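> Numbering (the numbering used here), first residue to last: 420 to 510.
Hints listed in this document are in silico derivations from the structure and should not be mistaken for laboratory results.
None of these values were measured; they are calculated from a predicted model.
Any given hint could turn out to be false.
Unchecked claim - Pairwise CB distance ranges (calculated): (1) Leu469 x Arg505: 47 to 57 Å; (2) Ile495 x Ala423: 14 to 24 Å; (3) Val500 x Glu450: 41 to 51 Å; (4) Thr476 x Arg446: 19 to 29 Å; (5) Arg465 x Ile428: 31 to 41 Å.
Ideal placement from N, C-alpha and C gives every residue a C-beta, glycine not left out.
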Amino acid sequence: MPIAFAIAIYLIIWWVVLFAMLPIGVRTQAEEGEVVPGTTESAPHRPHLLAKILATTVVSSVVFAIVYLIVAHHLITLDDVPFFPRFETIR
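Can you make the complete structure from the sequences, with help from the hints?
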């Protein structure tokens, strides 16, 4: 796997995992009863972004390692996907 392709795949996985992690454990200002003037009630009270970024990095590294193993060792190929058309090899 070329390094540019690997970096691109890792960044895509990282962003997807980040967006999945953002709502975990967040309480709104309305739920906490401390609405800061000038903000909406649905704004997060304490989003804990540093912890979520670290967790995102760990989870996305594990997911990337699994994807890398699948791609590098050809565990799943395009021919294994049932809805892709089958093409004959031209020699």
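> That 19 to 29 Å hint for Thr476 and Arg446 (C-beta), does it hold up?
Between Thr476 and Arg446, where Cβ atoms are some 24 Å apart, the hint holds.
> Could you see if the CB distance from Ile495 to Ala423 stays within 14 to 24 Å?
holds (22 Å)
> Between the beta carbons of Leu469 and Arg505, is the distance compatible with 47 to 57 Å?
holds (49 Å)
> Starting from the range 41 to 51 Å, see whether the pair Val500 and Glu450 falls in it by beta-carbon distance.
holds (44 Å)
> Lying within 31 to 41 Å: is that true of the beta-carbon distance Arg465 to Ile428?
Holds, since Arg465 and Ile428 (Cβ atoms, about 32 Å apart) stay within the stated range.
Consistency note: the structure conflicts with none of the earlier hints.
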